[in-house]
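Enquirer: One letter stands for each residue in the lines below.
2 protein chains.
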Amino acid sequence: MENKILVETSARHVHLSEEHIKVLFGEGATLTHKKDLSQPGQFACEERVTVEGPKKSIPNVIILGPARPASQVEVSLTDARTLGVKAPVRESGDVCCSGACKLVGPCGEVELTEGVIAAKRHIHLTPADAEKFGVEDKQIVSVKIESDGRTTIFGDVVCRVNPNFAPAMHIDTDESNAAAAFGECYGEIIK
Amino acid sequence: MENKILVETSARHVHLSEEHIKVLFGEGATLTHKKDLSQPGQFACEERVTVEGPKKSIPNVIILGPARPASQVEVSLTDARTLGVKAPVRESGDVCCSGACKLVGPCGEVELTEGVIAAKRHIHLTPADAEKFGVEDKQIVSVKIESDGRTTIFGDVVCRVNPNFAPAMHIDTDESNAAAAFGECYGEIIK
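Sequences listed follow chains A and B, in order.
Residue numbers for the first sequence follow this note's numbering, beginning at 1 and rising by one.
Residue numbers for the second sequence follow this note's numbering, beginning at 1 and rising by one.
Because the hints were derived from the structure by calculation, they are not lab data.
Any given hint could be a false lead.
Since the list gives no way to pick one copy over another, a pair counts as held whenever it fits inside one copy or between any two copies.
Unchecked claim - Dumping the calculated SDA-like pairs for lysine to any residue here, alpha-carbon to alpha-carbon at most 25 angstroms:
(1) K102 with E52
(2) K86 with I58
(3) K86 with C185
(4) K120 with A11
(5) K138 with G149
(6) K86 with E146
(7) K56 with G183
(8) K120 with F182
(9) K55 with P127
(10) K144 with A70
(11) K102 with R12
(12) K102 with I62
(13) K144 with C96
(14) K86 with Y186
(15) K102 with E188
(16) K86 with D148
(17) K34 with T82
(18) K144 with E8
(19) K132 with L37
(20) K86 with E184
(21) K34 with P69
(22) K56 with T113
(23) K144 with E91
(24) K86 with S147
(25) K102 with T32
(26) K55 with G84
(27) K144 with L6
Construct all of the structure, not just a fragment, from the sequences and the given hints.
Expert: Encoded structure:
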């Protein structure tokens, strides 16, 4: 297990700015903590929104807290096609000129002119983890996931190193399905 | 391009038996040719069905002809989750104890107790292609697809050799999205 990393699947989700939380859920609203996520400080919220694209809508999309400087919608490319929106493959936070959509909440709507992305596959590591794996922040590696019938090596995996992280690789639902990376799943980091 | 193979994405589709064509589209109905597919003799049809699972339905699913001995529904694992059905990763035709669903057509419905699968990724080859690539029928290979930000090596790719085939690798929409295998795309066969 020396070079094995936990692989977690990120389903579609939304990050919201303070301003957009107020528009969608009402003046004075704050996000309601439902469940901690694996990354310290990150949590799933009780609140949900509908993501509307020009082609279709996806209702009941989970919001992840805490609030962020800019709202961001992370979808799979399957979702992007369903919605009829462009979703470039980007690192979280890199939303300049990304896809557009409308968010609909119980108290209002927000037109996002950008913010829709497909998350670039990545590995969260603490500095100690990074040293153990022999990788650096921003380094691109490959990760091999062995499964019954869909063994896959994902290239273009970016390492992200921060003392506040917990060690885990994040892939989206398309990637998870393509590799049959279900249940408790570990990948092998290949440099 | 010596070891490069054309990569095509198969979207969700249905193959129907003669019996089920009659139930869904009426006594005396036959499949209406709309468009040839890359594999000789295979064609997309004008007819569509709704695939119903216990969780949700997917309307307007394309039928591929000609008729087959047993009906078969090929979905992505994203689709399988949407429908709420089990879809084992299988080669086409290997439907024993696979997933169940209901098919709804304009003239009737069919309860499939089995037939829902996620297609095992595969390469169609003629004997001459197989010789050129140095592979045999049923051989398992890997295929590397290079793309902007989602380079991927798919393992567990089964080679299928038949004089009636045209050379092409087939992956499903999850796999295509995971590798950003869009447009005219070629993969490198790795043995």
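Enquirer: Against this structure, judge whether each hint is valid.
Expert: Now for the hints, and whether the structure bears them out:
no.	hint	result
1	K102 with E52	within (5 angstroms within a copy, 29 angstroms between copies)
2	K86 with I58	both (15 angstroms within a copy, 22 angstroms between copies)
3	K86 with C185	between (30 angstroms within a copy, 20 angstroms between copies)
4	K120 with A11	both (13 angstroms within a copy, 23 angstroms between copies)
5	K138 with G149	between (31 angstroms within a copy, 14 angstroms between copies)
6	K86 with E146	between (31 angstroms within a copy, 20 angstroms between copies)
7	K56 with G183	between (30 angstroms within a copy, 23 angstroms between copies)
8	K120 with F182	both (19 angstroms within a copy, 16 angstroms between copies)
9	K55 with P127	neither (43 angstroms within a copy, 43 angstroms between copies)
10	K144 with A70	neither (33 angstroms within a copy, 36 angstroms between copies)
11	K102 with R12	within (15 angstroms within a copy, 27 angstroms between copies)
12	K102 with I62	within (15 angstroms within a copy, 30 angstroms between copies)
13	K144 with C96	neither (31 angstroms within a copy, 30 angstroms between copies)
14	K86 with Y186	between (31 angstroms within a copy, 23 angstroms between copies)
15	K102 with E188	neither (38 angstroms within a copy, 40 angstroms between copies)
16	K86 with D148	between (32 angstroms within a copy, 15 angstroms between copies)
17	K34 with T82	between (28 angstroms within a copy, 24 angstroms between copies)
18	K144 with E8	both (14 angstroms within a copy, 23 angstroms between copies)
19	K132 with L37	within (23 angstroms within a copy, 50 angstroms between copies)
20	K86 with E184	between (31 angstroms within a copy, 19 angstroms between copies)
21	K34 with P69	within (21 angstroms within a copy, 50 angstroms between copies)
22	K56 with T113	within (17 angstroms within a copy, 31 angstroms between copies)
23	K144 with E91	both (20 angstroms within a copy, 23 angstroms between copies)
24	K86 with S147	between (30 angstroms within a copy, 17 angstroms between copies)
25	K102 with T32	within (22 angstroms within a copy, 39 angstroms between copies)
26	K55 with G84	both (5 angstroms within a copy, 23 angstroms between copies)
27	K144 with L6	both (12 angstroms within a copy, 24 angstroms between copies)
Comparing the model with each earlier hint shows violations of hints 9, 10, 13 and 15; every other hint is respected.
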